Amino acid sequence: MIAYLSNIATLAAIFGLLAATLNFMVGQAGIFSVAHAVFMGLGAYSGAQVALLLVPDPFLACLAAAVVAGGLSLCLALPALRVRGEYFVAASLGLQMMAVTLFTEAKGLTGGMGGLVGIPQPRIFGVVVPVLPLALVALVVFLLLMAAMQRGSFGRTLGAIRDAESAAEALGKNVAVAKALAVAFSAAGAGVAGALFALHLSFVNVESFTLEQSVLIMAMLIVGGTGTLLGPILGAVLLLSLPAALSFITFIPPTDIGSVQQIIYGGAMALLMIFRPAGLLGDQKRGRSEA
Amino acid sequence: MSIALTCQGLARSFGGVQAVKGVSLSLPAGQVTALVGPNGAGKTTVFNLITGNLRADAGQASLHGKPIMGLKPWQVARAGVARSFQDLRLFQHMTVRDNVLAATEPSGWFWQPGGAASRAARLARAEAAMEAAGIAGVADARAVDLAYAERKFLSMARILAAEANVWLLDEPASGLDLSSRTRFQDLLKAARAQGVAICLIEHNLDVVMALADRIAFLDRGEVLAEGEPQAIMRDPKLAAIYFGDRK
Ligand SMILES: Nc1ncnc2c1ncn2[C@@H]1O[C@H](COP(=O)(O)OP(=O)(O)OP(=O)(O)O)[C@@H](O)[C@H]1O
Ligand SMILES: [Mg+2]
Numbered sequence: 183m184i185a186y187l188s189n190i191a192t193l194a195a196i197f198g199l200l201a202a203t204l205n206f207m208v209g210q211a212g213i214f215s216v217a218h219a220v221f222m223g224l225g226a227y228s229g230a231q232v233a234l235l236l237v238p239d240p241f242l243a244c245l246a247a248a249v250v251a252g253g254l255s256l257c258l259a260l261p262a263l264r265v266r267g268e269y270f271v272a273a274s275l276g277l278q279m280m281a282v283t284l285f286t287e288a289k290g291l292t293g294g295m296g297g298l299v300g301i302p303q304p305r306i307f308g309v310v311v312p313v314l315p316l317a318l319v320a321l322v323v324f325l326l327l328m329a330a331m332q333r334g335s336f337g338r339t340l341g342a343i344r345d346a347e348s349a350a351e352a353l354g355k356n357v358a359v360a361k362a363l364a365v366a367f368s369a370a371g372a373g374v375a376g377a378l379f380a381l382h383l384s385f386v387n388v389e390s391f392t393l394e395q396s397v398l399i400m401a402m403l404i405v406g407g408t409g410t411l412l413g414p415i416l417g418a419v420l421l422l423s424l425p426a427a428l429s430f431i432t433f434i435p436p437t438d439i440g441s442v443q444q445i446i447y448g449g450a451m452a453l454l455m456i457f458r459p460a461g462l463l464g465d466q467k468r469g470r471s472e473a
Numbered sequence: 004m005s006i007a008l009t010c011q012g013l014a015r016s017f018g019g020v021q022a023v024k025g026v027s028l029s030l031p032a033g034q035v036t037a038l039v040g041p042n043g044a045g046k047t048t049v050f051n052l053i054t055g056n057l058r059a060d061a062g063q064a065s066l067h068g069k070p071i072m073g074l075k076p077w078q079v080a081r082a083g084v085a086r087s088f089q090d091l092r093l094f095q096h097m098t099v100r101d102n103v104l105a106a107t108e109p110s111g112w113f114w115q116p117g118g119a120a121s122r123a124a125r126l127a128r129a130e131a132a133m134e135a136a137g138i139a140g141v142a143d144a145r146a147v148d149l150a151y152a153e154r155k156f157l158s159m160a161r162i163l164a165a166e167a168n169v170w171l172l173d174e175p176a177s178g179l180d181l182s183s184r185t186r187f188q189d190l191l192k193a194a195r196a197q198g199v200a201i202c203l204i205e206h207n208l209d210v211v212m213a214l215a216d217r218i219a220f221l222d223r224g225e226v227l228a229e230g231e232p233q234a235i236m237r238d239p240k241l242a243a244i245y246f247g248d249r250k
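Protein sequences, first through last, are from chains E and Y.
Mapping of the first sequence onto my numbering: residues 183 to 473, in sequence order.
Mapping of the second sequence onto my numbering: residues 4 to 250, in sequence order.
Simulated from the structure, these hints should not be mistaken for lab results.
From a predicted model like this one, the values you see are computed outputs, not experimental measurements.
For glycine and all other residues, C-beta sits at the position ideal for the given N, C-alpha and C.
Accuracy of the hints is not assured; some may be wrong.
To be verified - Some chain Y residues close to chain E (C-beta under 7 Å, calculated; not the full set):
no., residue
1, 17
2, 81
3, 96
4, 97
5, 100
6, 101
7, 108
8, 109
9, 113
10, 151
11, 196
12, 228
13, 232
Stated by the list, open to error - Label pairs and their in silico Cβ distance ranges:
no., chain 1, residue 1, chain 2, residue 2, range
14, E, 302, Y, 124, 49 to 55 Å
15, E, 214, Y, 228, 30 to 36 Å
16, Y, 124, E, 289, 56 to 62 Å
17, E, 434, Y, 75, 27 to 33 Å
18, E, 265, Y, 130, 49 to 55 Å
19, Y, 58, E, 280, 52 to 58 Å
20, Y, 75, E, 283, 51 to 57 Å
21, Y, 228, E, 329, 31 to 37 Å
22, E, 283, Y, 121, 37 to 43 Å
23, E, 446, Y, 182, 35 to 41 Å
24, E, 446, Y, 41, 31 to 37 Å
25, Y, 75, E, 451, 37 to 43 Å
26, Y, 119, E, 428, 37 to 43 Å
What the hints assert, rightly or not - Computed footprint of chain E on chain Y, listed as stretches where at least three residues anywhere in the stretch have a Cβ under 8 Å from a Cβ of chain E:
no., region
27, 66-80
28, 88-95
Please construct the entire structure, taking both the sequences and the accompanying hints into account.
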């Protein structure tokens, strides 16, 4: 039972980090992406390779993951950010599709469909440490960084771009640079989450980095509320614990849990969009359409 | 009297429509140049060509003698040209203070250069701009919650805070009541006294006559006349075009 709860808590911290960093792009900068799982994947593979080939040092794994995911996101974002709003969503969808194929084909780096197995447990100074405290520390560090940015001039820059891009430019802001930085920061966070995910499961393959995963992360964000610091984390906890909670309800036959879960997800999303369109913790004024 | 910004032969067409055909303009420092003309004359398009929001098919523009054609909008802004938008484009979900602060923070990087001293100076600049625009009382309200006149003055406060020496204002006084309009005129007069070169797109002739040192009359993408306000306003041909009963 303890192991079971600690597994859920670890995943909640990891997905909380994913949803919170996606929120930085979506809620803070207004850049919609459905490719967050790609950067999670890049981080997972890099972190896993560090642990497999060098040392199972979690800090080194996370650092490598952040650099690879953040760096590659810059290469991808710079051309893609030239297009506006809804087209970026399409570009990120294309990236998501392409990345799954690449992850499957680049067998030397990713292990292909079979994935990377036998990733050693993380060790700090030779002592095995569970991933839960590491994930919590990573989550807190990223939340603090995001809170600081949100209050400072970079947060204002991103808010200005989100609300009126041309007006932000007219004030001298290099919008392309600001957007690219927001994307790189967000992708680096997703990379760290990916590395911790790989270390936690000691196995990764491409199935964890598909469009479904990106959509799940987006759903966590929407349920919790975009543009808030803690909303995405609440969303992650809720969406991750729902399947677990259902499995405790004894009168549902195990074979039907999947479809019951779908019905609850669908119904909850519909109710949410009607009654709290900006998410559970979101700014409700922002959710409603403004005439 | 030095010329702050000039443009020569600006042209731009959309599809088959020539919206701007060879417009030349000079904005002297410390003067208000009113850009008037009927709807669709191409006034906003001229602004967009100068600021790099639209690419010109032909023509040149220079700021204090340095060419600015082909620069990106943010580069033109950093060179010292501030503009307002006909539809305001406020940062709706940010507070009034953050809207104005953003105008003092040109860098798009993670932080602004200059450290704490410069941060304090920027905050002071923003507070002064809000004070001057008469919106200090609503500094903590979000832009989306402001009343109409407050939104217009917030747009002006952003320009004040940007400390540019050329202002391109696109119908900043439209829809203001008489007392707000007077307040607006005082704001512009103060900036003019400090040497700002102001180009003002304005339909209200009372405002134009109260402020303009010079008028450029634009019709169908061409400057039909440019000069002293009295002379332009007395021309019956221009009046006929302006008031819509052209032959
Ligand atoms: N981005 C654009 N794409 C296509 N046509 C445009 C564009 N911008 C302006 N136009 C056209 O160019 C012409 C001039 O428009 P502009 O907005 O410059 O006029 P204006 O003088 O500012 O008018 P108003 O007083 O109504 O604001 C109009 O016919 C307009 O439809
Ligand atoms: Mg116009």
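The hints, checked one at a time:
no., hint, in the structure
1, 17, "17 Å, violated"
2, 81, "4 Å, holds"
3, 96, "6 Å, holds"
4, 97, "5 Å, holds"
5, 100, "10 Å, violated"
6, 101, "5 Å, holds"
7, 108, "4 Å, holds"
8, 109, "3 Å, holds"
9, 113, "5 Å, holds"
10, 151, "14 Å, violated"
11, 196, "24 Å, violated"
12, 228, "29 Å, violated"
13, 232, "28 Å, violated"
14, E/302 <-> Y/124: 49 to 55 Å, "53 Å, holds"
15, E/214 <-> Y/228: 30 to 36 Å, "49 Å, violated"
16, Y/124 <-> E/289: 56 to 62 Å, "57 Å, holds"
17, E/434 <-> Y/75: 27 to 33 Å, "59 Å, violated"
18, E/265 <-> Y/130: 49 to 55 Å, "38 Å, violated"
19, Y/58 <-> E/280: 52 to 58 Å, "32 Å, violated"
20, Y/75 <-> E/283: 51 to 57 Å, "35 Å, violated"
21, Y/228 <-> E/329: 31 to 37 Å, "57 Å, violated"
22, E/283 <-> Y/121: 37 to 43 Å, "48 Å, violated"
23, E/446 <-> Y/182: 35 to 41 Å, "58 Å, violated"
24, E/446 <-> Y/41: 31 to 37 Å, "60 Å, violated"
25, Y/75 <-> E/451: 37 to 43 Å, "41 Å, holds"
26, Y/119 <-> E/428: 37 to 43 Å, "53 Å, violated"
27, 66-80, "holds (count 4)"
28, 88-95, "holds (count 5)"
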